[in-house]
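Student: Listed below, chain by chain, are the residues.
Number of protein chains: 2
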Amino acid sequence: MAIKSKNIQAIRHPVTDQERALRQGHQGGVLWLTGLPGAGKSTLAFALERRLFDAGKQVYVMDGDNLRHGLNSDLGFSQEDRTENIRRVGEVAALSAGAGIIAITAFISPYRVDRAGARRAAGDKFHEIHLSATLKVCEERDPKGHYKKARSGEIPEFTGVSAPYEIPEKPELEINTGTLSEEECLSIMEDYVEANFG
Amino acid sequence: MAIKSKNIQAIRHPVTDQERALRQGHQGGVLWLTGLPGAGKSTLAFALERRLFDAGKQVYVMDGDNLRHGLNSDLGFSQEDRTENIRRVGEVAALSAGAGIIAITAFISPYRVDRAGARRAAGDKFHEIHLSATLKVCEERDPKGHYKKARSGEIPEFTGVSAPYEIPEKPELEINTGTLSEEECLSIMEDYVEANFG
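Just so you know, the sequences run in chain order C and R. All residue numbers for the first sequence refer to this note's numbering, where the first residue is 2 and numbers rise by one. All residue numbers for the second sequence refer to this note's numbering, where the first residue is 2 and numbers rise by one.
Just so you know, these hints were derived from the structure itself, not from any lab. Just so you know, not all the hints are guaranteed correct.
Claimed, not checked - Below 30 Å or equal to it, Euclidean Cα-Cα: the simulated BS3-like pairs (lysine-lysine) are: (1) C/Lys126 - R/Lys126; (2) C/Lys126 - R/Lys137; (3) R/Lys137 - R/Lys149.
Stated by the list, open to error - If you want the ones that stay clear, here's a sample from chain R, every Cβ over 12 Å from chain C, calculated: (4) Pro111; (5) Glu141; (6) Arg142; (7) Lys171; (8) Glu175; (9) Tyr193.
All figures in this text were calculated on a predicted structure; none of them were measured in a lab. Ideal placement from N, C-alpha and C gives every residue a C-beta, glycine not left out.
Make a model of the complete structure from these sequences and hints.
Tutor: Right, dumping it as structure tokens:
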């Protein structure tokens, strides 16, 4: 997106990323969870927040249900608004990463181009994690009853049913949340953080 | 602003504010600097970030020049866009405060109603700091040459010249950046944080 405001320079923060990382023992970054509805994004995000906090990390979850009360309360569910929703989440996650936090985001984020925007915002601090439970598994779980409503037409443009989910081509991590237990998924993610945020 | 998306519940974070505060030795919160152009907002914000970081705090500056490259890159300088700019900053600052950070924001934010929105977003974590250098002082300083351009009409609707600055009625702190030195201003703000974020 073009920057509308001209003649503006990004100011360097006096406190550097390196200083922040040294202080807290890890880098800031974005763990971008993506996957079908029902793949376990929010559940794992909040459980991982608990895990990483208990392991001494600075960590914070941003998820759709949360952000739509505040920053994105002006957005609905049109195609345009969904894209803007993901754009803002990507920017806020990047800001948080710059502040030294491990930001865990839990959004379906079905489009590659939107996820690519979030990756651009955070640069090399971006870690895409594909929770790859299959449509069959997610629809059988249907924790919120949304698949049923989507099949009946009550919910239009529902990802996986009547709107596409574009599978990540090169995610930093893929976790099959359809076959692994929650505990196994959490361990994989925690190990990933230990290995990559040092 | 009305919430467009219905049937959404704010999820409770498993990690509480209290746990975060206990871990890092201080509460999260928002230090909302407001004042005329040239009052010293960005200068003091970044210098305070340095100070507070060196004192062991989790702290991060958000200022206009920075955010307009990312989150708010779709916004210009129309009245509507300025209001939306401040709304988003208020929401992101509130989120950061929820993550345990001391978010320092440096925006003119000339309208009471906009600042009230930012206060609502952060609740009792919001601390309004009025940098109250007078128009005369700020215009004499004119660090960016903007007042001169505003007087000549080259910049329209410039706060203090051709657009209003609504003075905070009950800021948590007022600092006359026209008469105090930078060092004095920083000491006042640091003392305020030590007294109120414990």
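Student: All hints, please: hold or fail.
Tutor: Hints versus structure:
1. Simply put, lysine 126 of chain C and lysine 126 of chain R have alpha-carbon atoms about 28 Å apart, close enough for the 30 Å limit, and the pair holds.
2. For the hint pairing lysine 126 of chain C with lysine 137 of chain R, the CA-to-CA distance comes to about 44 Å; that exceeds 30 Å, so the pair is violated.
3. Distance hint between lysine 137 of chain R and lysine 149 of chain R is fulfilled; the C-alpha atoms sit about 13 Å from each other, no more than 30 Å.
4. Non-interface call for proline 111 of chain R relative to chain C: holds, since the shortest CB-CB distance, roughly 17 Å, exceeds 12 Å.
5. Look at glutamate 141 of chain R: its CB is around 22 Å from the nearest CB on chain C, clear of 12 Å, so calling it non-interface holds up.
6. The beta carbon of arginine 142 of chain R is kept farther than 12 Å from every beta carbon of chain C, the shortest such distance being approximately 18 Å.
7. At the 12 Å boundary, the C-beta of lysine 171 of chain R stays outside the reach of chain C, the nearest C-beta of that chain being 24 Å off.
8. No beta-carbon of chain C is positioned within 12 Å of the beta-carbon of glutamate 175 of chain R; the least distance is around 25 Å.
9. Consistency note on tyrosine 193 of chain R: stated as away from chain C, and its beta-carbon is indeed over 12 Å from all of that chain's, at 19 Å minimum.
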